[in-house]
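Assemble chain A onto chain U, guided by the hints.
Sequence order for the protein chains is U and A.
Add 269 to the 1-based position in the first sequence for our numbering, that's all there is to it.
Add 269 to the 1-based position in the second sequence for our numbering, that's all there is to it.
Take every hint as true, because none was put in to throw you off.
Pairs involving identical chains hold if they fit within one copy or between any two copies, as the list cannot separate such chains.
30 Å max Cα-Cα, derived BS3-like pairs, lysine-lysine:
(1) K569 x K455
(2) K420 x K507
(3) K415 x K535
(4) K273 x K297
(5) K466 x K535
(6) K393 x K297
By construction, these hints were calculated from the structure, which means they are not laboratory data.
This structure is a prediction, so every number in the text was calculated from the model and none was measured.
What follows is the residue order along each chain.
There are 2 protein chains.
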Amino acid sequence: MLNKQGFHIAVMGATGAVGQQIIQTLEKRNFPISQLTLLSSARSAGTKLKFKDETITVQEAVPESFEGVDIALFSAGGSISQKFASEAVQRGAIVVDNTSAFRMDPEVPLVVPEVNEHKLKEHKGIIANPNCSTIQMVAALEPIQKAFGLKKVIVSTYQAVSGAGAEAIQELNDETNAILNNQEYKPAVLPVASGEKHYQIAFNAIPQIDTFTDNGFTFEEMKMINETKKIMEMPELKVAATCVRLPVETGHSESVYVELDREDLKVQDLWAVLSEAPGITLQDQPEEQIYPMPATAVGKDDVFVGRVRQDLDEKSGFHMWIVSDNLLKGAALNTIQIAESLIKLGLVTK
Amino acid sequence: MLNKQGFHIAVMGATGAVGQQIIQTLEKRNFPISQLTLLSSARSAGTKLKFKDETITVQEAVPESFEGVDIALFSAGGSISQKFASEAVQRGAIVVDNTSAFRMDPEVPLVVPEVNEHKLKEHKGIIANPNCSTIQMVAALEPIQKAFGLKKVIVSTYQAVSGAGAEAIQELNDETNAILNNQEYKPAVLPVASGEKHYQIAFNAIPQIDTFTDNGFTFEEMKMINETKKIMEMPELKVAATCVRLPVETGHSESVYVELDREDLKVQDLWAVLSEAPGITLQDQPEEQIYPMPATAVGKDDVFVGRVRQDLDEKSGFHMWIVSDNLLKGAALNTIQIAESLIKLGLVTK
Chain U
270 MLNKQGFHIA
280 VMGATGAVGQ
290 QIIQTLEKRN
300 FPISQLTLLS
310 SARSAGTKLK
320 FKDETITVQE
330 AVPESFEGVD
340 IALFSAGGSI
350 SQKFASEAVQ
360 RGAIVVDNTS
370 AFRMDPEVPL
380 VVPEVNEHKL
390 KEHKGIIANP
400 NCSTIQMVAA
410 LEPIQKAFGL
420 KKVIVSTYQA
430 VSGAGAEAIQ
440 ELNDETNAIL
450 NNQEYKPAVL
460 PVASGEKHYQ
470 IAFNAIPQID
480 TFTDNGFTFE
490 EMKMINETKK
500 IMEMPELKVA
510 ATCVRLPVET
520 GHSESVYVEL
530 DREDLKVQDL
540 WAVLSEAPGI
550 TLQDQPEEQI
560 YPMPATAVGK
570 DDVFVGRVRQ
580 DLDEKSGFHM
590 WIVSDNLLKG
600 AALNTIQIAE
610 SLIKLGLVTK
Chain A
270 MLNKQGFHIA
280 VMGATGAVGQ
290 QIIQTLEKRN
300 FPISQLTLLS
310 SARSAGTKLK
320 FKDETITVQE
330 AVPESFEGVD
340 IALFSAGGSI
350 SQKFASEAVQ
360 RGAIVVDNTS
370 AFRMDPEVPL
380 VVPEVNEHKL
390 KEHKGIIANP
400 NCSTIQMVAA
410 LEPIQKAFGL
420 KKVIVSTYQA
430 VSGAGAEAIQ
440 ELNDETNAIL
450 NNQEYKPAVL
460 PVASGEKHYQ
470 IAFNAIPQID
480 TFTDNGFTFE
490 EMKMINETKK
500 IMEMPELKVA
510 ATCVRLPVET
520 GHSESVYVEL
530 DREDLKVQDL
540 WAVLSEAPGI
550 TLQDQPEEQI
560 YPMPATAVGK
570 DDVFVGRVRQ
580 DLDEKSGFHM
590 WIVSDNLLKG
600 AALNTIQIAE
610 SLIKLGLVTK
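Just chain U, same shape as in the assembly:
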């Protein structure tokens, strides 16, 4: 049932892996919607999708698609956002963009509501949703930073293929099937669909997500480094990342080492802060073999933190293991939480 008191929402990239999650999450959270416009490229236009009791036909996006839209949720790749976001803003919509197109634009707030919701007030039409692997890390690090001060972060990621879209999920499944049945399979999507080389992801680990920059880090690694500093408003924070793709369908994991401002802390101090933090579930009972894993985090809203332990050499150093559903908190859910915050703060006008 649509709600006449609600907002006109558009979802750009409605047929993609994240687009589908956005539609499901809007429904699950009973987001106040008076009209839902589903948009895609010409190729996917005509697809029929369910929302509550309605069947909605996906339309090909044109600039006029955004007439009357209050909030447009973009998740169709950076070039589509570059092309259509300003068209949507000109027509009065607020754009929440889930691509990397505007994230480092100093005019665009980059928001994880639990961390920096206040930045929404500075928006000029576009708000950027951070990279999936960044969101879950800053959600866990912000309460630690607030309580104890953060100096340094070194992260190694264990990322699911769904971060590379529905085609990558299909590739993982088809390739795994082929290998188990001793059949040939020619990878065509991972690590980077547009790249020259493609590698097997089934039963493998690929230390490349996105393309390489000149400094030897990938763009995915640089996103984690730069976005973390921007969201946490800590340009001097030391951050390093190694990003790795795994044969996991959904759920990103991160092995994170931090150095804090204080040397007098124990694991219990971090537990106390994390167990009270919004959007965080502490899963940390090693004696009971309780720790976060992608298989148990999938489909859940929270960021799960466990394996918290003090470094054996650095008194200010702690290690932890952070897992979240990359399609939910890492993408669709955070996008919708931004929209909810915009409404709560009175920043959306109908």
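Same frame as chain U, now just chain A:
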């Protein structure tokens, strides 16, 4: 063809994942063998295994099995090594033990031939083969330490199930098949066969290898920390590890951050050292998407290093990605290289 000028070799745990690799590697390297005795528990005794043109029947191990044996290669679990290693030594054999039973014993050399072959001269009958994840890391770090001095290591591992034995490989395959066919599967082996809880490894990542110690690190993590210091003879080296099991059959990967003694180094300096190092293959051309992966390292002898890059904040800091076949250099090959070094150094008497 057995070689009358060779040595009498015994393989303890001949039917296990590593035992099989030991037999194949002895054959591939044309190890000088006059007699090959294959041993196992009562359960696997009677199995017939091929070695060159011979078919050898696996016998149940008893103390007398080691009469006349020159070198006994043990890979049947710590409790079997505890029970039989001294029996073998009393009968004149040198034991190369691939379990954790004796690794931290100050009387027992812990050897990676490329790193500390000289320690073999101090042996008192037993020589320990390090943990798989440690071997490949120290093989890559030793040349860097020698050239530039090493201060600190932080490693996150991406470990294959074959490190947990043949049953874990079977579990990964059966479970993956079951999930792809929407069938139920009840895990019984991973993460720790003897543990109370077992978790799905297919399409998942489990941040537990071996059981937990009181400090929150697992025994696997403590093995990496303590064995690295012992092998590199650097008790003051700062080492931290997070060990994670992946749905990969064979090939361990490691995301390694190091801090060196010097601040004037560039990636090219590390490349120069690694490309000359014994047992190391540098695979580091990001612009060509060339980097190590388990799928390309499996079945190969070397340790592969790539993704070498300088930290963006610490001038003395470098990141790298180290991959090797955990059943070869991580286990069988290193065991046999130790035996070859013993012969080369004149330490085996017939």
